[in-house]
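Chains as they are written, first to last, in the numbering used here: chain A, 1 to 164; chain B, 165 to 328.
Just so you know, not all the hints are guaranteed correct.
Said to hold, decoys possible - Below are the EDC-like pairs computed for lysine to aspartate or glutamate, each with C-alpha atoms no more than 20 Å apart in a straight line:
| hint | chain 1 | residue 1 | chain 2 | residue 2 |
| --- | --- | --- | --- | --- |
| 1 | A | 131 | B | 236 |
| 2 | A | 131 | A | 145 |
| 3 | B | 295 | A | 72 |
| 4 | B | 246 | A | 79 |
What the hints contain is simulated information worked out from the structure, not anything from laboratory work.
Number of protein chains: 2
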Amino acid sequence: MSQDAFDPTLDLVLERVVEIPKEWIWEAWTEPKHLIHWFTPVPWQTTQAEIDLRPGGLFRTTMRSPEGQDFDNSGCYLEVVKNRRLVWTDALVANYRPATKTYLESFNFTARLTLEDHPKGTLYRAVGMHKDAADRKRHEEMGFETGWGKVLEQLIAYMKGVKG
Amino acid sequence: MSQDAFDPTLDLVLERVVEIPKEWIWEAWTEPKHLIHWFTPVPWQTTQAEIDLRPGGLFRTTMRSPEGQDFDNSGCYLEVVKNRRLVWTDALVANYRPATKTYLESFNFTARLTLEDHPKGTLYRAVGMHKDAADRKRHEEMGFETGWGKVLEQLIAYMKGVKG
Numbered sequence: 001m002s003q004d005a006f007d008p009t010l011d012l013v014l015e016r017v018v019e020i021p022k023e024w025i026w027e028a029w030t031e032p033k034h035l036i037h038w039f040t041p042v043p044w045q046t047t048q049a050e051i052d053l054r055p056g057g058l059f060r061t062t063m064r065s066p067e068g069q070d071f072d073n074s075g076c077y078l079e080v081v082k083n084r085r086l087v088w089t090d091a092l093v094a095n096y097r098p099a100t101k102t103y104l105e106s107f108n109f110t111a112r113l114t115l116e117d118h119p120k121g122t123l124y125r126a127v128g129m130h131k132d133a134a135d136r137k138r139h140e141e142m143g144f145e146t147g148w149g150k151v152l153e154q155l156i157a158y159m160k161g162v163k164g
Numbered sequence: 165m166s167q168d169a170f171d172p173t174l175d176l177v178l179e180r181v182v183e184i185p186k187e188w189i190w191e192a193w194t195e196p197k198h199l200i201h202w203f204t205p206v207p208w209q210t211t212q213a214e215i216d217l218r219p220g221g222l223f224r225t226t227m228r229s230p231e232g233q234d235f236d237n238s239g240c241y242l243e244v245v246k247n248r249r250l251v252w253t254d255a256l257v258a259n260y261r262p263a264t265k266t267y268l269e270s271f272n273f274t275a276r277l278t279l280e281d282h283p284k285g286t287l288y289r290a291v292g293m294h295k296d297a298a299d300r301k302r303h304e305e306m307g308f309e310t311g312w313g314k315v316l317e318q319l320i321a322y323m324k325g326v327k328g
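Using the sequences plus the hints, can you model the full thing?
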């Protein structure tokens with residue numbers, strides 16, 4: 001397993017205590033039928049998702065802009081530990097093949113989602129790892145924290161509806 | 165585990181039956197004290213090697229040209245199955261962070277080494293995966309098959325000396 005190293009000069013993090021169990025969050029992140037309902041900040045939509053949930057498996061989504069333009073994003077899962085840990089990168093695609101293009105066009109990133117039990121529900125931690133400080137800054141200015149925070153709110157509301 | 169998919173339009177392969185046991189090959193690939201003796205085609209030398217043998221672990225070597233120029237190369241292990249399977253990429257570095265530069269400067273590749281028992285010793289298969297046909301061609305023209313074949317001969321001769 002990779003380490004949980006965090007380099008504040010290169011990485012970004014969103015950490016929240018959320019009021020739903022980690023099993024619900026895992027389901028939301030790993031089943032296409034759930035993911036499409038919360039994965040992009042409205043008014044953007046996720047119209048398709050493909051999830052081959054194994055190290056080396058493809059993670060592909062199609063996002064649609066409010067103007068109706070579609071954006072395909074592909075990545076590769078690196079670590080899959082049910083209900084606890086999901087690591088993927090858009091620097092690679094299926095079976096770890098180097099990617100032809102990046103989701104963000106200008107740079108790649110690796111994401112590490114970890115879920116831990118917490119007295120109030122789940123400690124949710126999403127880390128974005130970048131190759132250098134310039135990429136980190138660009139991703140920050142694109143609204144990493146706001147964006148990931150907003151879709152987490154959407155995830156919680158959606159899964160409460162599914163389970164409630 | 166990733167799949168053994170092979171795409172002839174994107175991938176290169178070196179497959180050989182070699183007369184030493186797969187355990188010796190595994191040792192040669194995964195212990196710096198061995199790797200430095202065979203990893204680069206003479207008259208190039210490998211002067212340093214760092215091997216953190218776990219998924220997400222760093223694989224770093226320094227190669228020295230016949231003229232004395234040093235080249236640092238970093239990558240990340242993706243799959244580590246003792247005596248059987250080693251997958252790594254130079255598109256990432258330690259803990260799956262996207263890489264700042266590539267060993268080959270112009271493109272990244274993912275390597276998959278598999279070892280199988282064979283009546284004559286070991287079936288050795290090394291696959292190089294590329295993002296597109298142009299990268300595959302460039303790597304082929306750089307002498308992928310000759311280079312990997314030559315260092316495999318060096319590995320065999322060296323390990324026979326160590327074990328003999």
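Hint check:
Under the criterion of a C-alpha separation no larger than 20 Å, the hint pairing residue 131 of chain A with residue 236 of chain B is consistent with the structure, at around 16 Å. Of the pairs offered as hints, the one joining residue 131 of chain A and residue 145 of chain A holds, with about 18 Å between alpha carbons and a cut-off of 20 Å not exceeded. As the CA atoms of residue 295 of chain B and residue 72 of chain A are separated by approximately 16 Å, the hinted pair is consistent with the 20 Å bound. Between residue 246 of chain B and residue 79 of chain A the CA atoms are separated by roughly 18 Å; this keeps the pair inside 20 Å, and the hint holds.
Hint compliance for this structure: no hint is broken.
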